[in-house]
Amino acid sequence: MALEKIAGVRAAARDVEPFVAELFVAAGVNRESAEACARALVDASARAYDTHGVRLIPFYMQGLDGGRINKTPTLTVTEKAASAVHIDADDGFGHYASYLAIDEAAKLAEKTGVAVATVGRSTHHGATGVYTRYAATKGFVAIGMTHADAMVVPHGGASAFFGTNPLSFAVPVEGEDPMVLDMATSSIPFNRVGLRRATGQPLPEEVAVDEKGEFTTDANAAVWVAPVGGADYGYKGSGLAGMVDLLCSAFTGMGHGKTMASFNGPDFSKPIQIGHFFIVLSPAVFQALSAFDARITDFLNDLRAQPAKPGQKVYAPSDIEKGEAKKRAVDGIPVDNVTWGALEGYAAKLGVKVPTATADAG
870 MALEKIAGVR AAARDVEPFV AELFVAAGVN RESAEACARA LVDASARAYD
920 THGVRLIPFY MQGLDGGRIN KTPTLTVTEK AASAVHIDAD DGFGHYASYL
970 AIDEAAKLAE KTGVAVATVG RSTHHGATGV YTRYAATKGF VAIGMTHADA
1020 MVVPHGGASA FFGTNPLSFA VPVEGEDPMV LDMATSSIPF NRVGLRRATG
1070 QPLPEEVAVD EKGEFTTDAN AAVWVAPVGG ADYGYKGSGL AGMVDLLCSA
1120 FTGMGHGKTM ASFNGPDFSK PIQIGHFFIV LSPAVFQALS AFDARITDFL
1170 NDLRAQPAKP GQKVYAPSDI EKGEAKKRAV DGIPVDNVTW GALEGYAAKL
1220 GVKVPTATAD AG
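If you read the sequence shown in my numbering, its first letter stands for residue 870, the second for the next number, and so on.
Keep in mind the hints are simulated off the structure, nothing from the lab.
Be aware that a few hints might be false.
Below are the BS3-like pairs computed for lysine-lysine, each with C-alpha atoms no more than 27 Å apart in a straight line [as the list claims (entries may be wrong)]:
1. K1178 to K1195
2. K1127 to K1139
3. K1182 to K1105
4. K1195 to K1218
5. K1191 to K940
6. K1007 to K1195
7. K1218 to K1139
8. K1182 to K1218
9. K1127 to K1007
10. K976 to K949
11. K1195 to K1182
12. K1191 to K1178
13. K1182 to K1139
14. K1081 to K1007
15. K1105 to K1127
16. K1196 to K1218
17. K980 to K949
18. K1007 to K1222
19. K1178 to K1105
20. K1218 to K940
Model the full assembly from the supplied sequences, consistent with the hints where possible.
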């Protein structure tokens, strides 16, 4: 993972989370939904998933103001089978529904060893890895995914068909934070394009395309992103994106990504109705936890000890984010100037006190 340099401010996560929750509550969101969204966003920012952290707040405010997101949803939990549960999110925050999905699937997995939780009639839920990591902190292994509106050009295509359709995997690790893989099936999430626009930085090669379908490094010219694999091997990303789209649509009753209204509007009045798909496994059902923990530790120690190229290091998934999380626990989470200015504007409008922040050159 390449960490973005962000010129803006830094603020303590413990102060930002209640601030964000109060912004949403002041905007009319019920407290359960507001606190779940704030928790997910700040957790993402605290662990260096900046594209899916607090910078998404203006995006959610648009959905709330326009009516796309239900401010006071009534979530419904339906047990479909001994190891399957479905959450109807009632067009509310996907964060609230996703945390609930993990909780409900974990209850079933304790009995059956493995459980599937689907979520329908939901909205954008931020970083999928937030929820798989949450499951791992409870002692479970988890796989999670969500589909999205068409922003990714299929391999060989000239216009968008897939969403960025992220896929995440998390496993508990004895003595340290869980190992988390959280990746878009596109070369980059489109939120990274937005972040580069805000920070004025160019994009890497072969990750985004312009309106003609040609690769571009200009964040302002980018209209879609490419699948994982780039120009030559994008069929791999396209295949993964299709898998995620089908699991999140066919199993939840939602339409596939191409049928969704654009996340970025201009119409923010109609619900998008996204689906999420989670698999939760209980290691204790398969073998003794001591043996499971030992296998995970051996794997990570062996991987990290592998020879590296000069000036480089072999990392396990989420190692870089774990290191950055330790720094941010001390220095605060970074928020770019554009986003922080927007938050100050919402706070002034809604009568919410802004937490203390310090300038950060990035």
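Tested hints:
Using a Cα cut-off of 27 Å, the hinted pair K1178 and K1195 holds, with the two alpha carbons roughly 26 Å apart. Proximity of K1127 to K1139 is assessed by CA-CA distance (about 16 Å); at most 27 Å being required, the pair is judged to hold. The straight-line distance between the Cα atoms of K1182 and K1105 is roughly 26 Å, inside the 27 Å bound, and the hint therefore holds. Distance check on the hinted pair: K1195 and K1218 sit about 34 Å apart at the alpha-carbon level, beyond 27 Å; violated.
About 33 Å separates the Cα atoms of K1191 and K940, which puts this hinted pair outside 27 Å; it is violated. Restraint check for K1007 and K1195: satisfied, since their Cα atoms lie roughly 21 Å apart, inside the 27 Å limit. A hinted pair counts as satisfied when its Cα atoms are at most 27 Å apart, and K1218 with K1139 qualifies at roughly 25 Å. Restraint check for K1182 and K1218: not satisfied, since their Cα atoms lie roughly 47 Å apart, outside the 27 Å limit.
A distance of roughly 35 Å separates the Cα atoms of K1127 and K1007; the hinted pair therefore is violated under the 27 Å criterion. A threshold of 27 Å between alpha carbons decides the hint, and for K976 with K949 the separation of about 14 Å falls inside it, so the pair holds. With a C-alpha separation of about 19 Å, the suggested pairing of K1195 with K1182 holds against the 27 Å cut-off. Distance restraint check for K1191 and K1178: the Cα-Cα separation of roughly 22 Å lies within the 27 Å cut-off, and the hinted pair is therefore satisfied.
This hinted pair does not check out: K1182 and K1139 have alpha carbons roughly 47 Å apart, beyond 27 Å. For the proposed pair K1081 and K1007, the alpha carbon gap of about 47 Å is over 27 Å, so the pair is violated. With a C-alpha separation of about 19 Å, the suggested pair K1105 and K1127 falls inside the 27 Å cut-off, and the hint holds. For the proposed pair K1196 and K1218, the alpha carbon gap of about 32 Å is over 27 Å, so the pair is violated.
Under the criterion of a C-alpha separation no larger than 27 Å, the hint pairing K980 with K949 is consistent with the structure, at around 15 Å. In summary, the hint linking K1007 to K1222 is not supported, as the alpha carbons are separated by about 33 Å, beyond the 27 Å threshold. Distance hint between K1178 and K1105 is fulfilled; the C-alpha atoms sit about 26 Å from each other, no more than 27 Å. At most 27 Å may separate the alpha-carbon atoms for a hinted pair to count; K1218 and K940 meet this at roughly 18 Å.
Checked against the numbered hints above, the structure breaks hints 4, 5, 8, 9, 13, 14, 16, 18 and satisfies the rest.
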